[in-house]
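*Asks:* Here the protein sequences line up with chains A and B, keeping their order. Heads up, the first sequence is in my numbering, so the first residue is 156 and it goes up one at a time. Heads up, the second sequence is in my numbering, so the first residue is 2 and it goes up one at a time.
Which residues of chain A face chain B? A partial, calculated answer using Cβ under 10 Å: (1) I367; (2) G381; (3) Y402; (4) L407; (5) D411; (6) A414; (7) K427; (8) T534; (9) S573; (10) A581; (11) L583; (12) A585; (13) G586.
Label pairs and their in silico Cβ distance ranges: (14) T148(B) with Q693(A): 35 to 41 Å; (15) V625(A) with Q290(B): 28 to 34 Å; (16) T148(B) with H692(A): 38 to 44 Å; (17) P465(A) with S166(B): 35 to 41 Å; (18) F483(A) with Q290(B): 38 to 44 Å; (19) R282(B) with N719(A): 37 to 43 Å.
Cross-link-like lysine-lysine pairs, in silico, DSSO-like; alpha carbons within 30 Å at most: (20) K558(A) with K14(B); (21) K291(B) with K542(A); (22) K18(B) with K608(A); (23) K14(B) with K549(A); (24) K397(A) with K291(B); (25) K193(A) with K291(B); (26) K277(B) with K397(A); (27) K542(A) with K277(B); (28) K291(B) with K319(A); (29) K288(A) with K291(B); (30) K291(B) with K311(A); (31) K401(A) with K291(B); (32) K291(B) with K320(A); (33) K18(B) with K578(A); (34) K277(B) with K319(A).
FYI, nobody ran anything at the bench for these hints, they're computed from the structure. Where a beta carbon is used, it is the ideal one built from N, C-alpha and C, also for glycine.
Here's the letter readout for the chains.
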Amino acid sequence: MRDIVIGMAGSGGDGIVSAGESLIAAAASLGFHAMMTKSFGPQIRGGESSCRVRLSTRELHSSGGALGVAIALNWEDFLKFGSELRCDDATVVIYEAKTGVLPEHIPLGNIKPREIMAVPLAELTKQSAGTEKAKNSLVLGLLSGWLGLSQDTLRKGIQRRYGKKGEEIVNGNLRAFEAGRQYADAHPSQTPLRLDAPAAATTKILTDGNDITAAAAIFAGCQFFGGYPITPSSEVMQFLGKEIWKYGGAVLQAEDEIAGIGTAVGASFGGKKAMTATSGPGMSLKTEILGLATIAELPLVVVNVQRGGPSTGLPTKPEQSDLYQACFSAHGDVLRPVLAPTSVADSFHCTVDAFNIAERYQTPVIILSDQEIAQRKETCDPIDTSKLVVEDRKRPTPEQLEKYTRFAASPDGISPISHPGMKGGAYLAAGIEHTESGAPSASGAVHARMNDKRFNKLLPLESWSGAVTVAGDAGADLALIAWGSIGGVALEVLDLAQAEGLRLKVLVPRLLYPVPKEVYRSFLRNVNSGLVVEQSHQGQLYKILRMELDLPKGLVSYCRSGANPIQPSEVLAKLKALSADARRSLS
Amino acid sequence: MTALATLPPAQFKSELKPIWCPGCGDYGVVQAIYRALSAIGRPPHEIAFISGIGCSSRIPGYTTAYGFNTVHGRALPIAQGLKLANPDLLVLVAGGDGDGFSIGGGHVPHAIRRNLDLTYIVMDNQVYGLTKGQLSPTSPKGLKTVTSAYGSLESPINPLLQVLSCGAGFVAQSTPADMPGLAAVIEEAIRYPGFSFVNVQSPCVTFGEEDQQVKAHKGRMQSLASKGHDPADYLKALELATHYGVELYTGVFYRNPNPPATYDAQVRERQAELQKTAVPRERILEMFQKG
Numbered sequence: 156m157r158d159i160v161i162g163m164a165g166s167g168g169d170g171i172v173s174a175g176e177s178l179i180a181a182a183a184s185l186g187f188h189a190m191m192t193k194s195f196g197p198q199i200r201g202g203e204s205s206c207r208v209r210l211s212t213r214e215l216h217s218s219g220g221a222l223g224v225a226i227a228l229n230w231e232d233f234l235k236f237g238s239e240l241r242c243d244d245a246t247v248v249i250y251e252a253k254t255g256v257l258p259e260h261i262p263l264g265n266i267k268p269r270e271i272m273a274v275p276l277a278e279l280t281k282q283s284a285g286t287e288k289a290k291n292s293l294v295l296g297l298l299s300g301w302l303g304l305s306q307d308t309l310r311k312g313i314q315r316r317y318g319k320k321g322e323e324i325v326n327g328n329l330r331a332f333e334a335g336r337q338y339a340d341a342h343p344s345q346t347p348l349r350l351d352a353p354a355a356a357t358t359k360i361l362t363d364g365n366d367i368t369a370a371a372a373i374f375a376g377c378q379f380f381g382g383y384p385i386t387p388s389s390e391v392m393q394f395l396g397k398e399i400w401k402y403g404g405a406v407l408q409a410e411d412e413i414a415g416i417g418t419a420v421g422a423s424f425g426g427k428k429a430m431t432a433t434s435g436p437g438m439s440l441k442t443e444i445l446g447l448a449t450i451a452e453l454p455l456v457v458v459n460v461q462r463g464g465p466s467t468g469l470p471t472k473p474e475q476s477d478l479y480q481a482c483f484s485a486h487g488d489v490l491r492p493v494l495a496p497t498s499v500a501d502s503f504h505c506t507v508d509a510f511n512i513a514e515r516y517q518t519p520v521i522i523l524s525d526q527e528i529a530q531r532k533e534t535c536d537p538i539d540t541s542k543l544v545v546e547d548r549k550r551p552t553p554e555q556l557e558k559y560t561r562f563a564a565s566p567d568g569i570s571p572i573s574h575p576g577m578k579g580g581a582y583l584a585a586g587i588e589h590t591e592s593g594a595p596s597a598s599g600a601v602h603a604r605m606n607d608k609r610f611n612k613l614l615p616l617e618s619w620s621g622a623v624t625v626a627g628d629a630g631a632d633l634a635l636i637a638w639g640s641i642g643g644v645a646l647e648v649l650d651l652a653q654a655e656g657l658r659l660k661v662l663v664p665r666l667l668y669p670v671p672k673e674v675y676r677s678f679l680r681n682v683n684s685g686l687v688v689e690q691s692h693q694g695q696l697y698k699i700l701r702m703e704l705d706l707p708k709g710l711v712s713y714c715r716s717g718a719n720p721i722q723p724s725e726v727l728a729k730l731k732a733l734s735a736d737a738r739r740s741l742s
Numbered sequence: 002m003t004a005l006a007t008l009p010p011a012q013f014k015s016e017l018k019p020i021w022c023p024g025c026g027d028y029g030v031v032q033a034i035y036r037a038l039s040a041i042g043r044p045p046h047e048i049a050f051i052s053g054i055g056c057s058s059r060i061p062g063y064t065t066a067y068g069f070n071t072v073h074g075r076a077l078p079i080a081q082g083l084k085l086a087n088p089d090l091l092v093l094v095a096g097g098d099g100d101g102f103s104i105g106g107g108h109v110p111h112a113i114r115r116n117l118d119l120t121y122i123v124m125d126n127q128v129y130g131l132t133k134g135q136l137s138p139t140s141p142k143g144l145k146t147v148t149s150a151y152g153s154l155e156s157p158i159n160p161l162l163q164v165l166s167c168g169a170g171f172v173a174q175s176t177p178a179d180m181p182g183l184a185a186v187i188e189e190a191i192r193y194p195g196f197s198f199v200n201v202q203s204p205c206v207t208f209g210e211e212d213q214q215v216k217a218h219k220g221r222m223q224s225l226a227s228k229g230h231d232p233a234d235y236l237k238a239l240e241l242a243t244h245y246g247v248e249l250y251t252g253v254f255y256r257n258p259n260p261p262a263t264y265d266a267q268v269r270e271r272q273a274e275l276q277k278t279a280v281p282r283e284r285i286l287e288m289f290q291k292g
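Kindly produce the complete structure, drawing on both the sequences and the hints.
*Replies:* Pasting the structure below:
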C-alpha cells in the first residue's frame, strides 16, 4: 500500500508518542513522506496521550482521515481522543490483550473494524526487556513487521534515542523491538499492510511548524524575540533561545505577554527585525501594542498559534477561531496584514514573507498558525534558500538625513525609517497621531491624511503573487476554499475528487487580510457552488469574504468547532451533494 | 560612542512647545534633563528617550534625542527591547506615578531584576493630571478627587521602598524646587552602570495639593547628604524610604558600591561566545535533515 495512517493512544508513561517519533524519524530517513500529530489530555505529566503517524509514498497535505491501524494500549485513554483517532470498517485494530476485552466486545460502538488483534503487549515487553517501560519499542517491532519497515533503520533510531541512558536500557529496548518483530512475523495480519517502497530515498527535512517558524525568523534576519510562554507556541521562543544568540540576536522571556510584544516593538524601533509569538489569550493582551506598531509604522512579526477559545478554551487542540481577532482587534482604523501557513514547509515561507511584508511596509504582520501545523512533525523536501529574497526596511539616504522627516509623504506611502544611533535621523515615534515630522497633532486633517498614508501603503499587497494557492480544474464551477491546516485537507479533497472525475477547483489563501479581492473575484467568476471549510464555530473567513465580496449564492460555509477534525471524505461528500443540487436547480 | 565635551543644554531642547500647564513641575524636570545630558556629553542621536502616557510622558518630544511616546504603562518593556537591540545607546525612560506604579506597575520589578543599563525617571505628582484630577497610586489616603469624592480608602504605594526592595542599584529623589540637585541626581543616575531610578516630586499646579507645590517643597525638602546619609548603606536607605509621603528627602538613597554586570553586557558576552558556532543563516534548515 502507498498510504497509511497509524493512530496510537495510551497513558503518559506508555511512551506512545516516543514510539511515533521513532517511527516518523525512521520513515523520513527511508524516504517516505510522513506526518505526525500529537494530542494530549490537559494533564502536565501522565494522563492520556496519543499520536497519529501517516506514512506515504506521495506528498502529504493533511494528517489523513480514519485510521488504517489503531493501537490502543488501553481503551479508556484511546476513547478519550474520539474523532481525533477515528476508526472505520477498514481499520486494523491492535490492542492490549491484558485489558481483558474480547475482540467482539471492543468499545468502538457501531464500527466493525476490518481486523482486530489482541496482543499481550505488556507481557511480551516484560518477558523480553525485563520491564514494561520498553512497550513503545515493542510496538515499533510490531509495526516494523506488519508494515515491512527496515529493521536496521528502526534499530539505529532506538540506539540513538536511548544511547544517553546507558547500554542496559538500549539493549532492553532492542530486545523488546525484536520480540515485537517476531510476534508480527508469527501473526501476520490478514489485511495487507506492507508499504510500497518510496520512489527514491531522497534527503528530507523533518520538523514541526513552530521550530521551522523560528528557523525561518533567523533566516529572515530576526535579531530579537520577546515573548511569554504559552501553549502551543512556546517552542518558537525555546528554539530561538538556543539559536538566535549565534546570529547576534537576543531572546527575552518577558514578565507578561504585553512586555513580550513591548520589548519586540522597542527592538524594532532600535532598527532590528523583531518577533513575538503567542496564542489566543496572549494575543488579546498584545492588542494595544499592535496598534502602537501600526501608528508608529514599525515593522514587527507576531505569531499566533491558534488553539481552541475563547479564554483558556482548549489549550492543546487546534481551532481556526482567531481570524476576526487577527484582522480586527485593535481600536481605531487599522489595516494589518494577516498570513496563514498551510503546512510545516509553508510555515518557513510564510515567516520569511511576513518579515518581508513587515519590513517593506513598516507594519506589524500577524502569522496565524494553528496547533495542528505548529506541533505536527512533517517531512518536507529541502528548501533552496538561495531562491528566497530577504528584504530590509527602507533607510534614509545621507541627503534625506540632512533634513529628515520621518513620516514624509511619498507616492507609495512608505517613508524611509531611521533608528536611534543614526545621526540626523532623530524623531519622535508615538502612539499619538502625528504630522509628517512626528510632531503630535490633534488635527482632523492630519489624522485623515495619515490614515490615508497607512492604508494606501498596503494596497499593493492585495495583488501580491503569494497571496493564494490555487489548484485543480480552472474551468470547474465547483469550488473549495480553506485556509491554514484545513487548506491541506482541501488539497487532499482535490486529489480524491480528481480520482473520481469530479471537476473541482481549490483556493487556499495565505494572505487572509487584507482580502485579495481581485484574486477571489477571478477565481469565483464561473463558480456556481462550493464550500468555505473552516475549523471554527462561526466560519470566520466565510463571513469576512461575504463582507468584502459578492459571493456566489451556492458558495456556503462548512465549519465545525476545533478539536473535531474535518475529514477529506466528508468534505468530498458534501461537495458532491452541492454539485448535484446545483445541477438539479439548473436543469 | 561619541563623547562631546561641550554640547550646551540648549542643544537638547526641541522646537516642540510643551502642552503642560504654566508652572508645572515637569518644566523643571526637562530643564534638569537638558543640563544632565549636557554634562554627560553624548550627542542627541545616541540618546533614546522612551515614555508611556500621561502629562510627564510627553517629555521625550521636548528633547532633540530620539523619542518614543508609547502606550500607557509600557515604557519599560519597550526601552528594554531597544537597549538590547542597540546596547550602545543611552536609554532614558520617563513617566508619571500612574504610568509606572499603577497601569505599568507589573513591569517595574522585572526591569529592576533584569538590570539593563537604563535610567527611569518618574514624575510623581500624586494625581492623574492628563485625565483631569483622578486618584493616583501615590495619592495619600483620604485624598478627595473626582474619583474619590469622599476620600480615598486605600494607602498609597511607596515608590522608593518598592524599587529599593526589588534591588535597584541606584535610587534617588528630587524636586524641581532644587534644580541643581535634580540635574545632579539625573546625571548621576545616567552614569550608574545598571538600572537607576529617580523619583521626582514634580508638582501638579492644576490638580495637586497646596503642600505639594514648588514653594512648599522649598520649605520642606531635606537633602540626604546634609543628614549625613551614606548612599552605600542599603538598610539605612530602606529606613529613610519609609518616610515617603511624610518627609521630602532629596538626593541619593542608595547607590550599589559594587554594581553587578548588566543584562545587556551579559547578552553581548553570550552573543560573542556563541557567534563562533553559527552555521550560515542560509543553511539553518540543515539541522532538521534526515537521511
